[in-house]
Amino acid sequence: MGSTPKIELRNVCKSFGSKVILKDLNLTVNEGESVVVIGSSGTGKSVMLKCILGLLQPDSGEIFIDGQSVIDQPSHIREKILLKTGMLFQYAALFDSLTVWENVGFGLMQAHGMGRHEAKKIAIEKLGLVGLGPELADKNPAELSIGMQKRVGLARAIAADPEIIFFDEPTTGLDPIMGDVIDSLIRDCTQRLGASTLTISHDMESAQKIADRIALLYKGNVVWSGPAKTIETCGNPYVEQFVRGDVDGPIKLDILKP
Amino acid sequence: MEWNFLATIGRVFINFMTSVGHLTKFTGQSLRHCIIPPFYFRLFLRQLMNIGYYSLPVVGMTALFTGMVLALQIYVGSSRFNAESAVATIVVIGLTRELAPVLSGLMIAGRVGAAIAAEIGTMRVTEQIDALVTLSTNPFKYLVAPRLLAGLITLPFLVLTADIIGVSGGYLVATETLGMNPGNYLKSTFEFLEVRDVVSGLIKAGVFGFIVSLMGCYHGFNSTGGAQGVGRATTNAVVSSFVLILISDYFLTVLLID
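Protein sequences appear in the order of chains B and R.
In case it helps, this note's numbering puts the first sequence at residues 1 to 258.
In case it helps, this note's numbering puts the second sequence at residues 1 to 258.
Don't read these hints as lab results, they were simulated from the structure.
Even for Gly, the Cβ is constructed at its ideal location relative to N, Cα and C.
Treat the hints with care, as some may be off.
If we take Cβ atoms under 8 Å as the criterion, some of the chain B residues that face chain R in the derived model are [said to hold, decoys possible]:
| id | residue |
| --- | --- |
| 1 | Ser-75 |
| 2 | Ala-93 |
| 3 | Gly-107 |
The calculated SDA-like cross-link candidates involving lysine to any residue, where the alpha carbons are at most 25 Å apart (straight line), are [what the hints assert, rightly or not]:
| id | chain 1 | residue 1 | chain 2 | residue 2 |
| --- | --- | --- | --- | --- |
| 4 | B | Lys-19 | R | Ile-36 |
| 5 | B | Lys-84 | R | Phe-39 |
| 6 | B | Lys-80 | R | Asn-138 |
| 7 | B | Lys-50 | R | Gly-229 |
| 8 | B | Lys-84 | R | Ala-118 |
| 9 | B | Lys-139 | R | Leu-43 |
| 10 | B | Lys-252 | B | Val-222 |
| 11 | B | Lys-19 | R | Val-125 |
| 12 | B | Lys-80 | R | Phe-26 |
| 13 | B | Lys-80 | R | Gly-28 |
| 14 | B | Lys-209 | R | Phe-39 |
| 15 | B | Lys-80 | R | Ala-118 |
| 16 | B | Lys-139 | R | Ile-93 |
| 17 | B | Lys-50 | R | Gly-226 |
| 18 | B | Lys-80 | R | Cys-34 |
| 19 | B | Lys-84 | R | Lys-25 |
| 20 | B | Lys-121 | R | Ser-78 |
| 21 | B | Lys-19 | R | Gly-28 |
| 22 | B | Lys-139 | R | Thr-126 |
| 23 | B | Lys-50 | R | Phe-41 |
| 24 | R | Lys-25 | B | Ser-15 |
| 25 | B | Lys-80 | R | Arg-32 |
| 26 | B | Lys-19 | R | Ile-90 |
| 27 | R | Lys-25 | B | Gln-57 |
| 28 | R | Lys-25 | B | Ser-60 |
| 29 | B | Lys-80 | R | Ile-36 |
A few chain B residues that don't get close to chain R, going by computed Cβ distances all over 12 Å [what the hints assert, rightly or not]:
| id | residue |
| --- | --- |
| 30 | Glu-79 |
| 31 | Asp-96 |
| 32 | Ile-124 |
| 33 | Lys-139 |
| 34 | Asp-168 |
| 35 | Asp-175 |
| 36 | Asp-212 |
| 37 | Ala-228 |
| 38 | Thr-233 |
| 39 | Gly-235 |
| 40 | Gln-241 |
Make the full structure from the sequences, and use the hints.
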């Protein structure tokens, strides 16, 4: 493992008005490591990811990608940093005005300056890696099922062979079989690329399949972090409650009991 | 009670000034990205087609019937003091200086401004704009700049077309319905028409085109809250375009009158 973490968050805080979302959050993803951040809805997982990607500005703290700070950087510097990354969105976020192959090859053409012909060739190759045939290349994303759209999103995330890949709830909205297919693809693709990955999820089964290390986020902070295989036996009350799915325990949800 | 009233006025004023600040910042960012490379020429051409070419029927119809109605109304008024010969001059000056740019601007706001807001708003709520950022593509350059430039450039051409069609409409009604002499009508049309009449209308058109595109992009870009938010953004884009076109029309007229 290299000495510089691929992703590092130091004391990151983020609030919306009086609502504190992230509170002195610290997290590290090392080279080649797959980290899954789990937690209930509203614990700040998506906000954390958006802060790392520069879509939101943290109130304080530092975020580094490959040792380079991403906070307060001008957009052209941040664009350069993001060239090393790929992202699979929760609902794929495919561009509906473009065809499937144009979606996959978008980053190659726009950010890496590749020609359309070559980008299409690579896009079809990447579609093959996620189990989609070349006959889908010229279709519109709206013609595909959500499972297929996610696979296209995955192909887009890995198109430029990124060093770091982010996954936002990769199995949400999928049936268990398709969820398993996506998990396997994530595992295969990231291992093939040797990429470091940061996934946010509340799907325990998925997390255990794709993670080397799991971190549990609660009230904007990591309350437990450890190897994926130890999650069932770690003895942490937060983790135990989350794994069992109990209402009672240290994790308090903002819901009114009947 | 009095305190509440003052607080409400204060809140409305602060909200208004906040919106003005946001819009100013957005405009500044957009203009900066219009002049700094990279430029997306293909997208610019596509917007030229969307805003310009596909708006020709609606602008043409508006101009034709406006010219026809204008000729009829002015004939009715001018015949009361035996000044029927002024119909052609008033029609051409009224159209070129005022009616063609304003009515075309309003029609384009309804057709194009709404479409821009809906498209960009949908991209916002489905995370497609976030996806652009993660693919190292600046959304201001990719989405906003081509639309702003296309709006700025195409509307003067549309208005020039509207001028010609509107004058032709007036000519048709004057010669076919009102029995005026075609040669005299054409002579009167061009005798008192000055280049600055046409140019002032084209300058207004450029400003209106910019306003329509800017409002569409701004409200779409800042839409939140799913389908309802996109609907709200579309309405706001159209209404604010209408209001800004009418307000700026007065100030432009004052500026260009001499």
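We went through each hint and held it up to the structure:
Contact between B/Ser-75 and chain R, as hinted, is supported at the beta carbon level, the nearest pair being about 6 Å apart and thus within 8 Å. Interface restraint check for B/Ala-93: the shortest CB-CB distance to chain R comes to about 4 Å, inside 8 Å, so the restraint holds. Annotation: B/Gly-107 was flagged as interfacial toward chain R, and the flag holds, the nearest CB pair being 4 Å apart, inside 8 Å. Pair hint B/Lys-19 plus R/Ile-36 does not hold up; C-alpha atoms about 38 Å apart against a cutoff of 25 Å.
This hinted pair checks out: B/Lys-84 and R/Phe-39 have alpha carbons roughly 23 Å apart, not beyond 25 Å. Distance hint between B/Lys-80 and R/Asn-138 is fulfilled; the C-alpha atoms sit about 11 Å from each other, no more than 25 Å. Taking the CA atoms of B/Lys-50 and R/Gly-229, the gap is near 21 Å; set against the 25 Å cutoff, the hint holds. A threshold of 25 Å between alpha carbons decides the hint, and for B/Lys-84 with R/Ala-118 the separation of about 32 Å lies outside it, so the pair is violated.
Pair hint B/Lys-139 plus R/Leu-43 holds up; C-alpha atoms about 20 Å apart against a cutoff of 25 Å. Our distance criterion of 25 Å between C-alpha atoms is met by B/Lys-252 and B/Val-222, whose separation comes to about 15 Å. Pair hint B/Lys-19 plus R/Val-125 holds up; C-alpha atoms about 22 Å apart against a cutoff of 25 Å. Between B/Lys-80 and R/Phe-26, the direct Cα distance comes to roughly 23 Å. Compliance with the 25 Å bound is thereby established for this hinted pair.
About 23 Å separates the Cα atoms of B/Lys-80 and R/Gly-28, which keeps this hinted pair within 25 Å; it holds. Distance check on the hinted pair: B/Lys-209 and R/Phe-39 sit about 43 Å apart at the alpha-carbon level, beyond 25 Å; violated. Note on B/Lys-80 and R/Ala-118: the hinted pairing is violated, with a Cα-Cα distance of about 30 Å set against a maximum of 25 Å. Restraint check for B/Lys-139 and R/Ile-93: not satisfied, since their Cα atoms lie roughly 51 Å apart, outside the 25 Å limit.
Between B/Lys-50 and R/Gly-226 the alpha-carbon distance is near 18 Å, which keeps this suggested pair within the 25 Å criterion. Note on B/Lys-80 and R/Cys-34: the hinted pairing holds, with a Cα-Cα distance of about 20 Å set against a maximum of 25 Å. Under the criterion of a C-alpha separation no larger than 25 Å, the hint pairing B/Lys-84 with R/Lys-25 is inconsistent with the structure, at around 29 Å. Taken as a hint, the B/Lys-121 and R/Ser-78 pair is broken in the structure, with Cα atoms around 70 Å apart against an allowance of 25 Å.
About 31 Å separates the Cα atoms of B/Lys-19 and R/Gly-28, which puts this hinted pair outside 25 Å; it is violated. In summary, the hint linking B/Lys-139 to R/Thr-126 is supported, as the alpha carbons are separated by about 19 Å, within the 25 Å threshold. Note on B/Lys-50 and R/Phe-41: the hinted pairing is violated, with a Cα-Cα distance of about 30 Å set against a maximum of 25 Å. Among the hinted pairs, R/Lys-25 with B/Ser-15 is consistent with the structure: their alpha-carbon atoms are about 23 Å apart, no more than 25 Å.
For the hint pairing B/Lys-80 with R/Arg-32, the CA-to-CA distance comes to about 19 Å; that is within 25 Å, so the pair holds. For a cut-off of 25 Å, the pair hint linking B/Lys-19 to R/Ile-90 is broken: about 62 Å separates their Cα positions. Among the hinted pairs, R/Lys-25 with B/Gln-57 is consistent with the structure: their alpha-carbon atoms are about 17 Å apart, no more than 25 Å. About 23 Å separates the Cα atoms of R/Lys-25 and B/Ser-60, which keeps this hinted pair within 25 Å; it holds.
Taken as a hint, the B/Lys-80 and R/Ile-36 pair is honoured in the structure, with Cα atoms around 17 Å apart against an allowance of 25 Å. With a cut of 12 Å on Cβ distances, B/Glu-79 falls inside the contact zone with chain R, its closest approach being about 4 Å. Distance check for B/Asp-96 against chain R: the nearest CB is about 8 Å away, which does not clear 12 Å, and the non-interface claim fails. Residue-level check passed: B/Ile-124 sits 18 Å from the nearest beta carbon of chain R, beyond 12 Å.
For B/Lys-139, the condition that its CB be more than 12 Å from all CB atoms of chain R holds, with the nearest at approximately 17 Å. With a cut of 12 Å on Cβ distances, B/Asp-168 falls inside the contact zone with chain R, its closest approach being about 9 Å. The Cβ of B/Asp-175 lies farther than 12 Å from every Cβ of chain R, with a closest approach of about 22 Å, so its non-interface assignment holds. For B/Asp-212, the shortest C-beta to C-beta distance to chain R comes to about 23 Å, beyond the 12 Å cut-off, and the non-interface label holds.
The beta carbon of B/Ala-228 is kept farther than 12 Å from every beta carbon of chain R, the shortest such distance being approximately 25 Å. Chain R leaves B/Thr-233 outside its interface by the beta-carbon criterion, the shortest separation being 36 Å against a cut-off of 12 Å. The Cβ of B/Gly-235 sits about 37 Å from the closest Cβ of chain R, beyond the 12 Å cut-off, so the non-interface label holds. Look at B/Gln-241: its CB is around 30 Å from the nearest CB on chain R, clear of 12 Å, so calling it non-interface holds up.
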